[in-house]
Amino acid sequence: MKISYLIFGHPDQQEAAHAALRSARDAQASGAEILCAFFYSDAVETARLGARPELADEWAALAQSMGAQLIACSSSAVRRGVLDDRGAAPLAQTPTLHDGFELAGLGQLAEAILISDQLAVFGRQGTQDQKSPEPGTAQSTSGSPLVVITQDANNEMLTLESLDLVMALAAFLPETALLFRGDGATLLAPGERPASKRVRALPEYGLTRCHVSRSDLEAVQLFAGSLCIPCQIDEDAAIEELIHSHRPVITL
Amino acid sequence: MSPKTPTHRSRADTRLARLQRDAYGYLLNPADWDTDLAHELAAEESLRLDERHFEVAAILRAFHKEYDLSPATRVLARLVREQLGEEKGTSLYLMKLFPGGAVKQGCKIAGLPRPTQCF
Chain A
3 MKISYLIFGH PDQQEAAHAA LRSARDAQAS GAEILCAFFY SDAVETARLG
53 ARPELADEWA ALAQSMGAQL IACSSSAVRR GVLDDRGAAP LAQTPTLHDG
103 FELAGLGQLA EAILISDQLA VFGRQGTQDQ KSPEPGTAQS TSGSPLVVIT
153 QDANNEMLTL ESLDLVMALA AFLPETALLF RGDGATLLAP GERPASKRVR
203 ALPEYGLTRC HVSRSDLEAV QLFAGSLCIP CQIDEDAAIE ELIHSHRPVI
253 TL
Chain B
3 MSPKTPTHRS RADTRLARLQ RDAYGYLLNP ADWDTDLAHE LAAEESLRLD
53 ERHFEVAAIL RAFHKEYDLS PATRVLARLV REQLGEEKGT SLYLMKLFPG
103 GAVKQGCKIA GLPRPTQCF
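Protein chains in written order, with the numbering used here: chain A, 3 to 254; chain B, 3 to 121.
You may find that some hints are simply not true.
Capping the alpha-carbon separation at 27 Å, the derived lysine-lysine pairs in DSSO-like fashion look like this [claimed, not checked]: (1) Lys67(B) - Lys90(B); (2) Lys106(B) - Lys90(B); (3) Lys4(A) - Lys133(A); (4) Lys67(B) - Lys106(B); (5) Lys199(A) - Lys67(B); (6) Lys199(A) - Lys106(B).
Keep in mind that the hints were calculated from the coordinates and are not lab data.
Just so you know, these numbers come straight off a predicted model, no measurement behind them.
Next comes chain B alone, as it looks inside the complex (with noise of 0.2 Å):
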């Protein structure tokens, strides 16, 4: 395997498999982002997307804008709680929409970055 091979699949013929991504499948730039790409990037984990998804991803996405990094788990509990409201902020509800991860799983179907912090 030479050290460029993308570890994950896309059929050729989409949109996705013509963008820019890391090793571990996530975009390289936010703004390539759009809910069609959502719906492609969820069909490589084998998640179906619906609004609950995306409520999430919009709050990962501003708080990307806004500080250049993706939130802790916690703190994405606690910002969905409060935009959301308390039966959503848990990390029981964020780990049954995303179960490879909020955060992690999260900012890659919502075009972020892979989170590169460590806690």
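One chain only, chain A, in its complex shape (with noise of 0.2 Å):
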């Protein structure tokens, strides 16, 4: 069994890149390969050298034993000032990454999916939708993922690379579907802040399988004709098929 890990948590503020860890000894332990774990978002933090040289250390120490890749995405590390060598030089600035972690875009991430049997995603916490799988589940990569935008854009910079992270997956895994769920259905409002502008990005990215249910369009107050993308509006029974068809399925 090859498995992959995606972690999104701060992990001062969330348990994400703990419980992804002591998940993957777990994996390790039952005799699982352990072929990548990519940290996203503000989970690159994890990787930040010296600021918690426990965590660092031990996930270095797994993937080393097991010969896995152990990836902070580089455009969030970069946003964030976590640089290798080749970005430091630059700006004249010291590395501040691990040295067990290696700085890697998106397209490493959707290659791990490809070629693991299965991903286990630990997200942010309160973004869990009810009925995704549990944080941490090791989910089949074998069908068409699906990513679950669950949040408004008050952070821009966390929509932003929420948003990112689906024009990536689309690139590379073309049956990719995203629904917003629950205060991300409010990214569909039309207008110019940096998150709109994003969100009518996705079509040019391939992006064309977009849902959200009818009643959080409601809730936010939207309708049908002022949406600003193409978006397929179901029922909410449609809208738990959808979870149910597809994997994995990555709540954000």
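Since each chain sits alone in its own frame, please combine them into the complex, following the hints.
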């Protein structure tokens, strides 16, 4: 069994990086092969040199013992000043990346999904959709991925990062679908904010399978004719079926 | 080297030298850009521009204006194919025009911010 990990949460505020580490150790003990742990968004803080030495060292040791890739997303990292040698040199700064980790793009995440049998997602707190698989569940990667965006654009950087993840998956895995869920439905409002503009760019990246539930749209007072991109409006039962019929489900 | 030292070189007498740029030499404000600046930016990259570069730069600038974003390379190739024809919409053609990367170097010469997306 080949398994990869996708981790979002900030290591100080959320359990994600610690819970994923425990889960990876259990998987290793049960004979699974860990191919990749991909740290995205605030989770790249896990890879910051000297910040949480124990956690980073334990991840590095685990990855090394398995020959697994330990990746911090390069864009998320650079935005937060987590720099490898190559990134630090032009800025005349000191590298800040733990040497057990490497920086790489979202293409590596797509590849990890393609070559793994299972993906375990450790997300941010407060984003869990009750219909989605529990955080950390090892999900089959044989189906089409579904990304569920549950948060509004209050934290702009996190929203843009969520949308970038969808775009990258859609580029490499063309069957990728997107569900705007709960407060995430507010992202469908037209506007000129960076998050609105990024949503409008989704079709350019080949992401045409967008869904939202009628009840979520009503709750955020949006209407079918006023959405900023073409989006299928589903009844609750169809949303449940959508979540059931896609794997892995990545909730952001 | 102080953190503010730019890695690019520009002659002090050029307009480019007076504009705000990031550590990699990208303009901070796309509105500063015009064709003269494009030629100055290209000279730093040892690149000589003609109308083929400018038609791609126009596509990059239009995309950025609409979405606040630089397109991924494959998205750029598709837009070029749609707008400039089949024979130009290939990564080989774009790589020859911009040896430093169609998006990476293209954005610099088009006066756009350094692309930050990692795919």
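Compare the structure with the hints numbered earlier in the document and write down the numbers of the violated ones, lowest to highest. none
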